[in-house]
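Let the sequences and hints guide you as you build the complete structure.
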Amino acid sequence: MSNANSAVNEKMFSELKAKLVEWLSLDDVTPEEIGTDDALFGQGLGLDSLDSVEIVVMLQREYGISSKEISRKKEVFSSVRTLAQYILDNRTD
Amino acid sequence: MGCVSAAGTGLSASLEKLFSSPETPQVSRRIADNLSLPVFELGEIPGAGTKQLTGILLDMALREALDNAKLNRDKLSGFRVGVCLGTTVACQLNALDYYRELRAGKSPDNAPLRAFAGSSLAEAVKRDLNLSGPALSIANACASGADAIGLGGLFIKNGVCDLVIAGGADELSLISMTGFNSLGVCSPAPCRPFDAERQGLNLGEGAGVVILEAEEHARRRGVKPEIPLSGYGSKADGYHITAPKPDGSGLISAIRKALEQAELSPRDIAFVNAHGTGTDSNDSSEALALETVFGNTIDFLSTKRFTGHTLGAAGAIECIFTAQMLMKNEISASAGFEKQASDMNIAPVRKLTPVKGAYALSTSLAFGGCNSALILKRI
Amino acid sequence: MFISGIGFISGEGIGLQALRQTCASPVPAPEISDEIIKSYKFPRDLRRADRFSRMCMIAGNEALRDSGMETDNCGIIVATALGPHETTFSFLGDLIDYSGTEVSPTKFSHSVHNAAASYTSIFCGIDAFSLTVVGFDNPWAKGLLAAEIMLAQEQADKVLLIGADEKKLLAELLGKLDSPPGFPRDSIECAVGMLLSAAETPESYCRVSALEEKDALIFSGKTGTVKKLPVSYSGNVFFGSALDCAVLAVQKRLWKN
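Protein chains in written order, with numbering that gives the first Met the number 0: chain A, 0 to 92; chain B, 0 to 378; chain C, 0 to 256.
A few of these clues could be false.
Pairs of lysine-lysine residues, derived as BS3-like cross-links and limited to a Cα-Cα distance of at most 30 Å, are as follows [said to hold, decoys possible]:
1. B:K105 / C:K175
2. B:K338 / A:K73
3. A:K10 / A:K73
4. C:K37 / C:K167
5. B:K327 / B:K350
6. B:K16 / B:K338
7. B:K50 / B:K74
8. B:K338 / A:K72
9. C:K175 / B:K50
10. A:K18 / C:K40
11. A:K67 / B:K338
12. A:K73 / A:K18
13. C:K167 / B:K50
14. C:K251 / B:K105
15. C:K37 / A:K18
16. C:K167 / A:K18
17. A:K67 / A:K18
The hints are simulated quantities; they were obtained by calculation from the structure and are not laboratory data.
Set out below in C-alpha cells:
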C-alpha cells in the first residue's frame with residue numbers, strides 16, 4: 000500500500016512541478032530542478048504574493064479546489080510535497 | 000467642486016453623510032458576478048444606458064463643479080482651459096459579449112467598438128465643452144484621480160492654462176470585481192480601514208471633479224477661490240507590480256515632496272485623509288508612512304467605509320471630501336474602525352475631531368506602486 | 000527640456016540602428032516579432048511582464064543606456080492609446096472560458112494601463128513620479144507636455160518618456176472603423192523611449208518643447224520645424240508622432256555635427 004501511495008505521490012510531484020513552471024512563468028527553471036521539499040516562498044523557489052494568489056486559481060481550475068476552503072495556507076503552500084498532499088486530499092475534478 | 004458616490008449625489012448630500020452613519024455595501028444588482036461581493040453600487044442613475052456609466056457619473060460631477068464655479072460652456076470659451084481626468088475602467092474595451100462573438104468568428108454589431116473610440120474621458124469633455132487646451136486622461140490605477148488633480152494644478156502654476164477641469168471617474172465592472180477578488184483583497188463584509196480585524200476592500204463607483212483656477216484669474220472673474228491646492232507630490236515605489244513597499248517609503252517620499260512644494264513642514268498638517276482601503280498591506284504600510292512623517296499624534300481617517308474604493312475616482316472624491324472637512328473645520332470619526340491593529344503604532348480618529356490648523360493632506364496609493372499626496376489649505 | 004537619450008523597438012529590431020532601418024526600409028516590418036521581444040533579458044522577478052510591458056521596458060532602458068545618465072531624481076511617463084490591450088482581451092477570454100472565481104490575478108494586474116510604468120520603474124530604478132497618460136488624440140504629445148510641466152515644476156530633473164502601442168486585435172479593429180477618422184490603418188508597431196532632461200548634457204540631441212517655438216523641436220503633434228523626412232513609410236501608428244520626434248532628434252544631432 001505504501002508503494003502505491005508513493006507512486007501516486009511521485010506522479011503528483013512531477014505534475015505539480017510542471018504546472019508551477021507553466022502557471023507562474025518560471026522560465027529560468029525546469030520542473031526537474033525544483034526540489035520536492037524546497038521552500039516555495041521566501042527562500043528556495045522564491046515565489047511572491049502574486050504567485051500565491053495565482054496558485055489559488057490554479058488549484059481551482061486544475062483540481063476543482065475552491066479558494067474558500069484553503070485554511071492553514073502557509074503550511075499547505077510551503078513546499079511541493081505539502082501542496083501535492085493537499086491536492087490529493089481535496090481534489091474534486 | 001462636484002461629486003457623486005455612494006456617500007451621496009452632490010456636495011451637501013455627501014458631506015451630510017460623512018458625518019452620519021455609512022450605508023452597508025450590498026451584492027451588486029446590476030452585475031452578475033457570482034461572487035457575492037459587497038459593493039457600494041449607486042442606484043438608478045438618470046440617463047443610464049445612453050452612454051458608458053463612467054461618462055455619465057463624470058458629467059454629473061462636472062455639472063455641479065461648473066455651477067459652483069459659476070462657469071458654463073459659453074463662459075469658458077474665452078479662456079485657456081485644460082482637462083485632466085483619471086480613470087481605470089474607461090480606458091479599456093470591456094465589452095464581454097462583443098468579444099465573445101468576435102472570438103467565435105462572428106461579426107457582431109460594432110457599436111461597443113465605436114463607443115469605445117469616442118470614450119476617452121478627457122477628450123470627450125474637451126469636445127463637449129469646445130475647449131482649446133490640453134486634454135489628458137491619467138491611468139494610474141487607484142491614484143489616478145489624485146494625480147490628475149496634481150498635474151492639473153501644475154498646468155496652472157506653469158501658466159499653460161487659466162482653468163483646469165480635473166478629477167476622476169469609475170464605474171463598477173465585472174472586470175474589476177473579478178480581478179480584485181482574484182487578488183484576494185476583497186472583503187466579504189463592510190470594509191474596516193486600519194482596523195485590527197480588517198479583511199480587505201469593498202469596490203465602489205463614482206466621480207469627483209474640481210475646477211482648478213489661477214487665483215488672479217478667479218478674482219478677475221469676480222469669483223472667490225475656495226481652497227488653494229498648495230502642494231502635490233508623486234513617487235513610484237519601484238518595488239512590485241501589486242504589493243506596496245512594506246516600509247511605506249514611496250508614500251513617505253511623495254508626502255515629503257508635496258510638503259516641499261507647499262513650503263510646509265509636517266507639523267503644519269492638521270489632518271490626513273488617508274487612502275485606507277481596508278486591506279492588510281495597504282493599511283499597514285500607509286500607517287507606517289504616516290507615523291514616520293508625522294509622528295504618532297497625527298489625526299487621520301479614511302472615508303472608504305462610506306464610498307468603497309472608487310478606483311480612478313478615489314483620489315478626486317477624497318480630495319473633495321478633504322476640502323469639505325477643512326471648510327467645515329472638523330473631521331468625522333474614521334468609519335469602520337474600532338480596534339487598533341497590532342501591526343500599527345497609530346490609529347485613526349475615533350470621534351468627531353476639530354481641525355487644528357489650516358492645511359490637510361489627502362493620500363492615494365495604487366497597484367504598481369504609485370503614491371500621491373495632495374495638500375489643501377483653508378483660506 | 001532636452002532629448003538626451005533615445006531608445007527604440009520595432010519589427011526591425013532594437014535601438015537606433017533599428018530606427019534608421021525602419022525609416023530606410025520601403026516596407027518596414029509591421030509587427031515586433033516574439034524573437035525580438037525575447038532577445039532582451041529581464042531579471043526573474045519581472046518574468047511575468049506581458050508583451051506591452053516588455054516593449055516599454057526595452058524602449059525605456061535603451062533610452063537610458065543611450066543617455067549614459069543615472070536614474071536618480073528621474074520620473075517616468077508612459078503614453079499610450081490602448082495600453083496592454085492584448086492582455087485585457089486575454090482577461091476577458093478568461094471570464095468567458097472560466098467562472099468569475101477562476102480568473103488569473105496575474106493577467107488582471109497586467110491588464111491595467113499603469114503596469115508597464117510599474118515594471119519599467121522597477122527595471123530602470125525610477126525613484127521620482129510615475130504617470131501613465133492615455134488618449135487617442137496623439138498621446139505622445141500629451142506625454143511630452145506632462146513631462147515638460149513636471150520638470151519645470153521640479154517634480155524631478157529627468158523624465159523617461161515612453162510611447163508605445165501594440166498592434167493586436169483591438170488596434171486592428173479600430174483601424175477598420177470608418178469613423179471617427181484618425182485611427183491608423185497602415186501602421187507599424189513600435190515603442191519609442193526618450194530620456195528627457197531639464198539640463199543639457201554632452202549627449203543631448205536637441206531641445207524639445209510641447210509649448211515653445213524658439214530653437215526647439217516642437218511637438219504639439221505636428222511634424223517639427225526641421226525638414227521633413229524624404230522617406231515614405233507608413234509609420235502612422237498612434238506613435239507616428241513619437242517616431243517623427245525621434246527621427247527628427249537624430250537628424251538634428253547629425254546636422255549639429
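- Query: So which of those numbered hints doesn't the model satisfy?
  - Reply: When the structure is compared with the hints, only number 14 turns out to be violated.
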